[in-house]
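> The lines below spell out each chain.
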Amino acid sequence: MADITADLDITNEAQLRYIASQAVDARVNIELETDGMTLNIGPQHPATHGTLRIVAKLDGEQVIRSEPIMGYMHRGYEKLSEVRTYPQVTTLINRIDWVGSFANEVPFILAAEDLMEVEAPPRAQWIRTALFELGRIANIMLFLGDMAVQLGGSTAVFYAFRDREFVLNQIEAATGGRFHPNFNRIGGVKDDLPAGWVGETKSAMQSVRDFCDEMEDLVLGNEIFQLRCRGVGVIPADIGMAYGLSGANIRASGVDWDLRRDAESPLAWSELDWKVWTHPDGDSFSRYWVRLQETREATYMVEQLLDGLPAGPIMAKVPRIIKVPAGESYVQTENPLGSMGYYVVSKGELTPFRVKIRTASFSNISITPWLLEGVLVPDIATILASLYFILGDVDR
Amino acid sequence: MASLVQPMLADLAYWQETVLRGLVGLVAVLLPTGALVYLFLYKMMSFMQSRLGPMEAGPFGQLQLLADFGKFLQKEDIFPAKADRFVFGAAPFVVLVSTFLLVLALPAGPDAHFIDVNTGIYYALAVSSISVIGTLMAGWGSNSKYSLLGGLRAAAQLIAYELPLVLSVVGVVIMAGTLNMKGIVEAQNSFGVWFIVPQFVGFLIFLVSIQAELTQPPFDMPQAESELVTGYLTEYSGMRFLLFFIGEFATAAVFSAIGATLFLGGWAIPFVDPSAEFMNWIGPLVLAAKMVLIAFFIFWFRITYPRFREDQLQKLAWKFLIPLALANIVVTASIKVAIDL
Amino acid sequence: MPQLPGMLVGLGVTARAFYRTVFPDGPLGPPSPSKGAHTVQYPHVKEAPPTRARGVIALHEDNCTACMLCARECPDWCIYIEGHKELAPPRRAGGKPRQKNKLDRFDIDFALCMFCGICVEVCPFDALFWSPEFEFSELKIADMLHDKSRLGDWMETVPEFGPYEGGSEQKVRKVPAT
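As you go down the protein sequences, you meet chains P, H and E in turn. With our numbering applied, the first sequence closes on residue 1507, and no number is skipped along the way. With our numbering applied, the second sequence closes on residue 485, and no number is skipped along the way. With our numbering applied, the third sequence closes on residue 437, and no number is skipped along the way.
It is worth saying that the hints were derived from the structure and are not from the lab. Incorrect hints may appear among the rest.
[As the list claims (entries may be wrong)] Covered by chain P, per the in silico footprint, the following chain H stretches (three or more residues, Cβ under 8 angstroms): (1) 192–202; (2) 359–366; (3) 408–418.
[Unchecked claim] Capping the alpha-carbon separation at 25 angstroms, the derived lysine to any residue pairs in SDA-like fashion look like this: (4) P:1313 x E:421; (5) H:459 x H:474; (6) H:289 x P:1180; (7) H:289 x P:1427; (8) E:430 x P:1150; (9) H:289 x H:337; (10) P:1301 x E:331; (11) E:294 x P:1314; (12) H:463 x P:1332.
[What the hints assert, rightly or not] Residues from chain H shown here face chain P by an in silico Cβ test under 10 angstroms; the list is partial: (13) 189; (14) 289; (15) 292; (16) 293; (17) 480.
Glycine included, C-beta positions come from ideal geometry on N, C-alpha and C.
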């Protein structure tokens, strides 16, 4: 390794050695200068949702510079997909964003169906949309509780997990797995809904709405929460777009963009009556507010979907051994964390040739260095919690 | 107590009496602590969060604290590599010393006290500040950035909230006319109604200040778990950690008891003469009940609220609580002089 | 009516949760937090998972022809199959002896299994079934390899396939009798 101190104009040897012992990454050594305190937040830390490491240079309690270091959870999904058949890849990609799990499978299957020029029957599309929205609800309920606990209000997260159980039980009743449904197949879904599922899910949606009201009272309306979040971590709309933010993060900055409404998709969103929620402020409070409204909206969407579920088959005619014809396809959907896309390249074999996964959280945390400049240490937790990334989504 | 116990005590040698006092002091600190931990931390917090809390150790988890005690005892006593061993090791004991000193001045009956300090409440507030030194020692001695940040935050917060605490008590002292805690209880009895009614503002300031002095949410920046792991406690393990834990809850118990003495009438029951003989036996129970009531509020706030940021915390203390407490003092003094209560 | 400050409303939320946990039967009923709390005190009380829950895989040996499809399609390659061919007596007198596959070894390593269900799905002869049993943790990781007889034992716990929601065109399958 080259002598990293060669060009630096620093005379204090002991200080240099101390810094070298603090950071493993030599590049980080050079970029962060010697005064101030270098603090490693993570990779094991309650504030980061997983193994994210943020190296922050502090001056007292203020952050001067920060840099997120990802990759601690890299599992090599894109490489693994090159040697797995399409159903096997579906199993694997459940685990990218493990909280809103059904939503991970959908863009990949849609891309494969696009290449095969096969369309799933309407009942399958409606079931897919219903499970997609259930995944969104499960995912964002966790966020609603988790952001409160990052700020110190430990009770909210218990309510979130308690009420999430109803949603997870419904997902398990239909697909067999609470977190990894593995339910999509090229051409439709694996199986139909069990009897009684519609009624149970509707009562679960009512519980979720009660939970949303509780969170409004306990968290959103709390003056301390508002003091901590209003005006903290403001992302102007143009900066957010430049960094590639998506999902509720960009909608909270006032940008009216939602792939469910704006992109062509065979799923059933265009047939439902729903609205996109935005907020003009762009601070942490508005990100929480937008996600709370989205959860409520999703419960209404699920009820509409279940009311209007068309009768029919759930699987189109596809061959037993699936060989997707050669070609390339890119499908992006509005996942709970943001916009997730799969770029599938096929050479006509059993396995994809290349799958490139565009995940929302990877782009969402790219704004961290810009956003964390000049904030106080407590606000780091607020901002990271409000951006809401899942490390599986960041690192794949 | 005096008539029953005095003859027994008279036969004891000085060292035997000291041991007895030490044991009673230990019980006086640990018993309320254990009760508070079980009732509020294990059970009330759990019920408010729709869960059950510890249920396996003993009936309904009553022996959980004992199990935790055993668990902590058998853990390795870790000293971080470059920690200052003396400072690091002595910090929990400094915090505990402050709690024990506080208990000494707390009266639980007309004769049920360790020492009858004439400057009762003044001594209590002064001695409670010793725990700030212990917190700083813990933060500094751990030789870790997280602990240092936590220790500095704690010191700033604890010192800032000393002032509203003291000022809120001054209103009570003006109305009672004495610093002696027994005198305050008797003054409440002769005033007719407990001081919480005329001194409601003072009581609220007192509640907020002890929440901050105990570093409980919403004032638990020093131990902000999501940022600093556990702040100044990060490097502690085993028995030393348990000592801090006991110190936190014991101080909560003692501060609640002080609040009960100042605002809720102490050991006195309405319509009963507080200096009667039998109050020596009933007094501690009454005081314990009132202590549990105030501690209920402390923990209810802890469970419900997120935490303040450090600068918001300081702003609340300096710009809001202190002027309010000063105004309270001025109004109380004016009314007392004008109406000559 | 002036709006209550948010702090007080928040206190009301926790107080309401406390009340619902301790008095699930209303103010006149006895306090019973064990009933009111959402905690299921496992292992004293056990919740039944849904019928379709993917707990463990059961093998119906009579249907299996050792075609190796499940072993091939498993993403983790955790199914180990060995078989040999046998001659079974002809169906009618004077006919040809039939060739049958006989299973020697059918192991599923549940320490590797991802519980994805691809093996159950691709089996063309309906030899594999899901069972919602989940209590099979072992002290030694080698014991997580379930062999043919143990997989056959799991067949007793496989529930019947339930009916579908209205509007479905799926036929309800039958679990073969063991």
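> If a hint holds in the structure, say so; if it does not, say that too.
Here's how the hints hold up against the structure:
no., hint, in the structure
1, 192–202, "holds (count 4)"
2, 359–366, "holds (count 4)"
3, 408–418, "violated (count 0)"
4, P:1313 x E:421, "20 angstroms, holds"
5, H:459 x H:474, "22 angstroms, holds"
6, H:289 x P:1180, "20 angstroms, holds"
7, H:289 x P:1427, "60 angstroms, violated"
8, E:430 x P:1150, "61 angstroms, violated"
9, H:289 x H:337, "51 angstroms, violated"
10, P:1301 x E:331, "19 angstroms, holds"
11, E:294 x P:1314, "20 angstroms, holds"
12, H:463 x P:1332, "23 angstroms, holds"
13, 189, "8 angstroms, holds"
14, 289, "6 angstroms, holds"
15, 292, "9 angstroms, holds"
16, 293, "7 angstroms, holds"
17, 480, "34 angstroms, violated"
When the structure is compared with the earlier hints, violations turn up for hints 3, 7, 8, 9 and 17 and for no others.
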